[in-house]
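All chains, full assembly: derive it from the sequences and hints.
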Amino acid sequence: MEKIIDEVLEQNGHAGMDSLIPILQEIQDRIGCLTEEVIIRVSEHLNVPTSKIYGLATFYNQFRFEKKGKYHIRICNGTSCRLNGSKWLIEYIEKNLKIKNGETSRNGIFSLEVVNCMGACEFGPVISINDQFYKTQDPDSLKELLDELSNEE
Amino acid sequence: MKPVLFYKEPEKEQVINEVIPYLHDDLPDSASKVLSAFRNDRVKIPIVYVGLTTSSEVGGARKTIEAIEKYIDENELDAKLVIVGSHGLCSYEPIVEVQLPGKTRVAFGKVTENAVPPLLDGIFNGYALPELSLFQYSSDILEPWAHIPLRDELPFFANQQRVLLKNAGIINPENIIEYIAYGGYRALAKTLRKYTSDTVCRLVEESELRGRGGGGFLTGKKWRAALEVPANERILICNADESDPGAFMDRLLIESDPQRVIEGIILSAYAIGASKALIYIRNLYSLTTHRIEEAIRQAYDFGLLGYNILDSGYSLDIVIRKGPGAYVCGEETALIKSLEGKRGMPSIKPPFPTEHGYDGKPTVVNNVETIANIPDILLNGVEWFTALGTEKSKGTKMFSVSGKSNETCFIEVEMGKPLSVIYDLANGVKSGRTFKALHLGGPSGVPVTPEELEFPIGFEELQEHGIPLGSGGVQILDDTVCMVDLTKYFMHFIRNESCGKCIPCREGSNRMYKILDNISRRPYSNESHNTLERFKGVIQLETLAEVMRDTSLCGLGQTASKPLLKALKSFRDEFEEHIFDRKCRASVCRDLRTFYIDVDKCTGCTACARKCPTKAIFGTPRSPYFVVEEKCIGCGICMDTCKFSAVYFK
Amino acid sequence: MNYTIEVNNRKIEARKGDTILETLKRNGIKVPTLCNMETLSPTGACRLCVVEVEGRENLVTSCSHFVEPDMKIKTHSTRVVRARKALVELLLANHPDDCLYCERNGECELQNLAAELQVRERKVQHKSFGQKLDLSSPGIVRDPAKCILCGRCIRICDEVQSVSTFEFVKRGCNMYVGTTMSRDLNFSNCIFCGQCVLACPTGALRERSNVEEVMDALSNSTLIPIVQVAPSISVSIAAELGLKATKDVNGVLFAALRKMGFKYIFDSATAADIAIMEIVQELISRKEKSTDLPMLSSCCPAWVKFVEQYYPEQLSWLSTVKSPQQIMGSLIKAYFPGIGNINPSNIYSVSVMPCLAKKFEARREEMTTKGVSDVDSVISTRELVKMINLYGIDIASIDSQQADPPFSIRSSAGKLFGVAGGSSEAVARTLNFKITGKDLHNVRISELRSVNGVKEFKFKAGKQEFTFLVVNGLKNIHDLMKELIAGSVKADYVEVMACPGGCVNGGGQPFVASTKDVKLRAKVIYDIDETNAIKCAHKNPQVIEVYTNQLEEPGSEKSIKLLHTRFSKREVLL
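Just so you know, the protein sequences line up as chains D, U and F, in that order.
Each step along the first sequence adds one to the number in our numbering, with nothing skipped, and position 142 is 142.
Each step along the second sequence adds one to the number in our numbering, with nothing skipped, and position 24 is 24.
Each step along the third sequence adds one to the number in our numbering, with nothing skipped, and position 58 is 58.
Rather than coming from a laboratory, the hints here were simulated on the basis of the structure.
Glycine residues also receive a C-beta, built at the ideal position from the N, C-alpha and C atoms.
Nothing false has been slipped in among the hints.
Here are the computed lysine-lysine pairs in the DSBU-like style, where the Cα-Cα straight-line distance is at most 35 Å:
{"id": "1", "chain 1": "D", "residue 1": "LYS95", "chain 2": "F", "residue 2": "LYS132"}
{"id": "2", "chain 1": "F", "residue 1": "LYS132", "chain 2": "D", "residue 2": "LYS98"}
{"id": "3", "chain 1": "U", "residue 1": "LYS631", "chain 2": "D", "residue 2": "LYS100"}
{"id": "4", "chain 1": "U", "residue 1": "LYS63", "chain 2": "D", "residue 2": "LYS100"}
{"id": "5", "chain 1": "F", "residue 1": "LYS170", "chain 2": "D", "residue 2": "LYS135"}
{"id": "6", "chain 1": "D", "residue 1": "LYS87", "chain 2": "U", "residue 2": "LYS601"}
{"id": "7", "chain 1": "F", "residue 1": "LYS132", "chain 2": "U", "residue 2": "LYS536"}
{"id": "8", "chain 1": "U", "residue 1": "LYS430", "chain 2": "D", "residue 2": "LYS95"}
{"id": "9", "chain 1": "F", "residue 1": "LYS123", "chain 2": "D", "residue 2": "LYS100"}
{"id": "10", "chain 1": "F", "residue 1": "LYS523", "chain 2": "F", "residue 2": "LYS259"}
{"id": "11", "chain 1": "F", "residue 1": "LYS482", "chain 2": "U", "residue 2": "LYS361"}
{"id": "12", "chain 1": "F", "residue 1": "LYS287", "chain 2": "F", "residue 2": "LYS490"}
{"id": "13", "chain 1": "F", "residue 1": "LYS30", "chain 2": "F", "residue 2": "LYS16"}
{"id": "14", "chain 1": "U", "residue 1": "LYS536", "chain 2": "F", "residue 2": "LYS170"}
{"id": "15", "chain 1": "U", "residue 1": "LYS430", "chain 2": "D", "residue 2": "LYS87"}
{"id": "16", "chain 1": "D", "residue 1": "LYS87", "chain 2": "U", "residue 2": "LYS63"}
{"id": "17", "chain 1": "U", "residue 1": "LYS349", "chain 2": "F", "residue 2": "LYS16"}
{"id": "18", "chain 1": "U", "residue 1": "LYS70", "chain 2": "U", "residue 2": "LYS12"}
{"id": "19", "chain 1": "F", "residue 1": "LYS434", "chain 2": "F", "residue 2": "LYS475"}
{"id": "20", "chain 1": "U", "residue 1": "LYS615", "chain 2": "D", "residue 2": "LYS87"}
{"id": "21", "chain 1": "D", "residue 1": "LYS100", "chain 2": "U", "residue 2": "LYS643"}
{"id": "22", "chain 1": "U", "residue 1": "LYS643", "chain 2": "D", "residue 2": "LYS95"}
{"id": "23", "chain 1": "U", "residue 1": "LYS615", "chain 2": "U", "residue 2": "LYS631"}
{"id": "24", "chain 1": "U", "residue 1": "LYS514", "chain 2": "F", "residue 2": "LYS170"}
{"id": "25", "chain 1": "F", "residue 1": "LYS170", "chain 2": "D", "residue 2": "LYS98"}
Ranges between beta-carbon positions, derived for each pair:
{"id": "26", "chain 1": "U", "residue 1": "SER645", "chain 2": "D", "residue 2": "SER141", "range": "17 to 25 Å"}
{"id": "27", "chain 1": "U", "residue 1": "TYR596", "chain 2": "D", "residue 2": "LYS143", "range": "24 to 32 Å"}
{"id": "28", "chain 1": "D", "residue 1": "ASN101", "chain 2": "F", "residue 2": "GLU571", "range": "28 to 36 Å"}
{"id": "29", "chain 1": "U", "residue 1": "ASN232", "chain 2": "F", "residue 2": "LYS482", "range": "26 to 34 Å"}
Below is the structure:
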């Protein structure tokens, strides 16, 4: 992990405050989440107080401090998907996997991210697991899918 | 074989030498000929086009592509596979088009991987599967297919005015030459050769183009303001964040025709004398980002971007910045904060970004759709543009239509057309359902009733009736949609997406959400103050809404109460039903359901009565049980418990 | 240039470049504000200062809009007042109802606003807030439930102190004010200067109260309660006690403390005099050896923590002399028992300080002897006011009294420790004497008075030239430190006070409405300096006595053991 941070910071040698977000994005893309160490290192590199970085990272949807699960579930909760029942999918996951938006299940297998619109409104409610899309899901078919995945474990 | 994505090096040389130097004026024949070849006016080998955008990707377009590749390989065919964008017919995706030598280009819908072999078997034998075929392109020189409607005659296309979407679905979005072949970059060449920045500003001012992001501010006026601030450097920002839930116009426009946006950015930047342009794009839009990155790379390659563009002495660099996801960053000051590496909290205006924006420099923030309008205005002239639309709203408007409509689509309509056009283009609601409303403009928009569909599309035209035009996200609502639930959803969205800075927006949206939540739920207890709370809350809604509009810092809070106020006005009966009768006619507010036990099916097994948390189910074992309505809290545990499906709800 | 604008149908004059709020204030029209503070940049977050401007669709915030010619403004129209009231109601909907139990009861800006706008009904039942009370730090208590997210603490920490402990975390209805990784305050980079407590309009940030333990000690007959009072207390407390704000109430204060039951009352300014002797000695010796220069002052515990966090490499620059509070603390437990013939383990040593970092300082490991703190309890000025009221002491009817020997006499130099620049002035006086053997012709060094930001002062003692730098408010400190490290700025003595204006504006001082009141406090100290007979530390007979009785001379082995301390690097998230 340290190596990755070093690399990213090196690429952004003489960066200013405006490259804070791109730096965090790249680190998160490569590590999977942000950590205290990332904040400290970036803070030193850009000479920005850690509180500012923490405040910024918690402001935006993209950044997370918990590692993604083995299966990262994204559920679209755009208006259209909502009308077509994404609410029940989210409810199902919250209830059965006991994780909320932005959290990872305790065994590290599933993590949930509710996003505002994935731009595939005709196939709603859209869910993606590890960037693979699954269309028109109701809680029953979601259950099947999740059972299948957890049985693989 | 792999799909042909880019141009080849000799092709690039040819275009740079034979076409680009003449772009500013009428093209000489030699150049036209070169471009004709790239337009595939005539083909020597069959070409298979597959629309690949995010939406078709979800529909399985990648698998379709794999199947086509496999088919062509296995049958050792001499054919070419080309990626194109989207026509806007999202419900028919994946769409595959085939152009055989001598025949017109013909499109097929819903071509999933399994449909590929029969389709291609047929088409290569001169037979177009009727159940899949959608339309064919009209051509004077090619032989048409029998019994397939022409694209231009299809109501879906005939009722649109496709200016921005002219190339969408037709050209390969990852090949700049195709864009040039369809008339691209001529506006840029003409402008750099003939106009000064000042003239461009004046022309756009005269065109009365208004910002398409929702605000409707005059674009030319904004540019002028920035141009007139003395500065060494000015910045243009293209806002492609599009975090409106259920809006995907900008995304599909970029994925289908990214070069149009790039050309628009260069022109806009030139108009305000900016030497740097930033594209702020949503991080979740990976394919979109890829397309725009590729488009920028190619534009640099062709000398259309970078140092000394087309030998005009004007230089511009475009940088892509991925928005880390916050709805409020659609607000320009918040967007600028985000670009500066800060929390995206709007700041007070004045100073306006046009005076003191990104990095303290004069900055113009324009929406993707606004920018995409610029090339055509400058190429075809102000008169051409002002002829489109109404007196106060010129041009066209893109909409993405989804929800409970029969078809999900992505359209461009001339201003001044009635709103019903949108409804018709989406082919209404599914059979057996009744149309309830058309929701225009997402969380800061309003639901439009069927009676109001006759209003013409336009900024002032709709505002007269209290309807904001919004950014263009449209949801069709039918009778399975609960208006209380929908407004609650929007309010929930706002309360999470509010930056949290100012009190009215942060606390007001939270409060409103709680009031709405309260009326869409059963009271947890039957204490009298609880019922009183519900009423008190509803009475508060309107005052709250007014204060939010009056005092919020930015547009997000000022418009946040719009869906609620309009729904309260237009769908009052539904709200009253929730409050007084505790009923949700669409059965969406599950908490309000009352459960009943079917006497014929109940065996009296006692399972439900034992599980009921409020002891609302009574009866004698082995004879039918019943639910005491007063006690039922609508949790639905009885329904889940019953093995005989005897429990139902109303 | 002046404009004429119309406010509430009355024409008034406005200056170009002024905000509407400033103009209204100058013309005697009060508009409520919450997020606005005169020393901080406007953010327009609370929206309470909205006014109606003719021609504008929405209400505009007067704190951030500039006056324009011929503006027509309504400051208290029905629409405006209704909006303000609704805003306060919204805030109250998320605010605990326990005003009667709140530390800030009666001094709370939110409470005042609610009263002013006549909020008379709770429209929403309060639901408890998720975040817990943060009691981790010895100086500051955070109660997030009472936070109204005005952002004043964030801005003051950022713009005035450049420490940036706080920042908004998360967004929308989930937003709260937090530290990095939402750590508790004691594990953050907070330096406990307490400026945020002064800035907080509600009870969300307050001092960690030590009143109860002091009261327990006072009622415990086996203990001998001893109290020391910091130099800046007597000039800041008068208004709170119902006396004239410009009065030095030292004597009354001592009398009140004695009435409460304190056995001995000492003046910390005497310890400040001793500190001056030590600092001068240390400065002369460092200058001679030219090592560890510039010497950084160490009497401000917030500043000391700041250096330990941000500049661990420069720790050797800090003067090793303890702060007056700790010098007095050591003397009370190690020197006074011998004189007063009492058992040191029976002593309960209390200090009254203008500062919340002093609470932290008293808990530092270096400040303990065999595991027992030299100073057992620290109470702030505000806490003292509460205690005086609690003990039912009628200030108006008591007569002045003196402090107790051996620490009852102070020079006015010691008193100067209460203001920024004061310790430099005091050091300069004694330094001159030590080097030349003569007193300064004019002891008053006006260059070091009412310093805003950073000020340099060159001073010649005999043949030696000394450069003093005076800093208050940590805003500029990073730049200055960079230059000092690089050597592009040279100095011999750098006096840093974390709080702008020094201790008179300390985090433990009574709340004031404007910076003018702080300046008033400083003026009282300077007035004392004018009239006092002993103006230099080395002339204080009690200081001489302490050295002759026990310490021998400044910088002696005994002095170092008792009056000097050490510092160590702190690992915190900066």
